[in-house]
Amino acid sequence: MTTHPHPTTAAAPKATPARAPRRAVRRDKQRRSPLLTALTALMVIYSLVPLAWLVINASKTQEGLFSSFGLWFDDDFALFRNIRDTLTYDDGVFVRWLLNTLLYVVLGAGGATALATLGGYALAKFDFPGKRGVFAVVIGAVAVPGTALAVPTFLMFSKLGLTNTPWAVIIPSLISPFGLYLMWTFAASAIPGELLEAARVDGAGELRTFLRICMPLLAPGIVTVALFTMVATWNNYFLPLIMLKDPDWYPLTLGLNAWNDQAATAGGQAIFHLVITGSLLTILPLLAAFLFLQRYWQSGLAAGGVKD
Amino acid sequence: MTVLAPPTISRTGQAAPRPARRRRSWTGWAFVGPFMTVFAFVFVAPIAYAIYLSVFRTRLIGGTSFVGLENYQQVFTDPQFWSATWRVTLFLLVQVPIMLFLALLVALAIDSGRLYGKAFFRVAVFMPYAVPAVVATLMWGFMYGSRFGLVGNINDTFGVSLPDPLSPDLVLASIGNIVTWEFVGYNMLIFYSALQVVPKSLYEAAELDGASQLQVIRSVKLPAIKGALLIATIFSIIGSFQLFNEPNILQSLAPNAITTYFTPNMYAYSLSFSGQQYNYSATVAIVMGILTMIVAYAVQLRGTRKDR
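Protein sequence lines, in the order shown, are assigned to chains D and R. First residue of the first sequence? That's 1 in this note's numbering, and the numbers climb one at a time after it. First residue of the second sequence? That's 1 in this note's numbering, and the numbers climb one at a time after it.
These are computed hints drawn from the structure, not numbers from a lab. Backbone N, C-alpha and C fix where the C-beta goes; we use that ideal spot for every residue, glycine too.
What follows is a set of in silico ranges between Cβ atoms, one per label pair, in the way DEER data are often shown:
hint : chain 1 : residue 1 : chain 2 : residue 2 : range
1    : R       : 41        : D       : 63        : 48 to 54 Å
2    : D       : 263       : R       : 86        : 27 to 33 Å
3    : D       : 91        : R       : 65        : 46 to 52 Å
4    : D       : 189       : R       : 209       : 25 to 31 Å
5    : D       : 208       : R       : 74        : 53 to 59 Å
6    : D       : 42        : R       : 300       : 30 to 36 Å
7    : D       : 268       : R       : 97        : 39 to 45 Å
8    : R       : 45        : D       : 263       : 38 to 44 Å
Chain D with its partners taken away, still in its complex shape (with noise of 0.2 Å):
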């Protein structure tokens, strides 16, 4: 069975291209500036400053850390070195720590992607008994401050053998309020109702519906929304620091500390270069997803950002 989009979805995208001239035209009568692109000049300096050191001193040993300027090379470059030693330190438990932020990453905001995705989808599209509950709960969850669950949370995945486990780091990563309220105003900006009506008429399935004509829809909010809660899990230091006991389970934010920390105990080897060299290589993978993905999370956000 073939379905026939609604008459007015088809003729949309021919009225586009006459938008664009007209914009074009108005841009265009903007008298480019240097004096706000100066002044705009010293955010991104401030913003890019601090990464500019960390790759610069991600270059230096131990030693040269402490003998060399903080936004200059040391004379001894040692990035490649720092970067072997940094992956191969104590039996290589910097690759290690990866793979499990990357296993976090993966399950817990591909998780929390989906269920955005379809309760957002059914926030905009069904008016099903409840919905005005579930919206309020949901959105009042976002102003519940992490330190009222992780407790709790800790003493109740205590209770079912959960901790030190990598379950306790991916099950509270599942939900995300902001991805919901994210998918639901994208959803119901980027779904014509009149295409859902047209599918039904048509006999589709409600799951056919979804995965056929509205995912493609959805496609700029799911990366989007996918790229806010891979942040968050990537980012995530309170709850694996709760949960988590055993080294070998550490996303690399609590491995990083622990480096950073071992200075600091009694006998400790120092190790900041190390330190510096992993921060580097911890953010490069998020740096790289936001770069390529800039076409969707911009649209994403354009499309079915803030807006009450």
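The hints should help you fit chain R onto chain D, whose structure is shown.
Same frame as chain D, now just chain R:
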């Protein structure tokens, strides 16, 4: 695949839509159900368990006993709790306005179309959001330091004596700077995305009236993104009350400046995992959660009231 049964002759016309509506109604729960199931497990159950814990007390002699509201009375007379709460309130009152103001300035600058290299500005300012709080705190913590930090470098190179950012007097402001650096880009993107969906007709009407750039900003752009401003403010307030990662990680670099009750979250964590006082910790968490929701709700109420 289900085909709607045609209505029988005896039924009135109004009867026809009911089966479809009822089917849609319950189908919504099939989509939102998975989210709500996990939500109940990781949000509702821990809150209920925390409330349960807060009305009991465990002693070495006598075991666990019901104490009603005694734990709450203890929180409200606890100088460490109020010290922590006052500190995050001060943090909130200073850091949130600065961060949101900077984010708004950059969003307006990028949206104005008067920058050279607009796409670069947007991505560059957003980049710190992809950096985990652990890495951001380690980076800035090292830069703040007098050993191999920039502050130490500048002191040595120029023969000056800059104030120590990790001293007890300045450490809260230093943490505020780290959080600002982390989130100004994220908030900029929220504002910028909201600006992107402002109808072009509003700009054209303003231009016909000969409005200046500042007048367009005041009369068109700011009112249009009021919703985004409100949401960003509420999220920032919630984040401030939940402050934990940055002071916790900085503690090893500034042990004399950051106590175990530096923030409410750190206090609850310390009570649980250093002091094994789970019941009292749960009570602190609940009180902090309620305070956060009261403030967030008050801000939201004030924000929406101005619309009337």
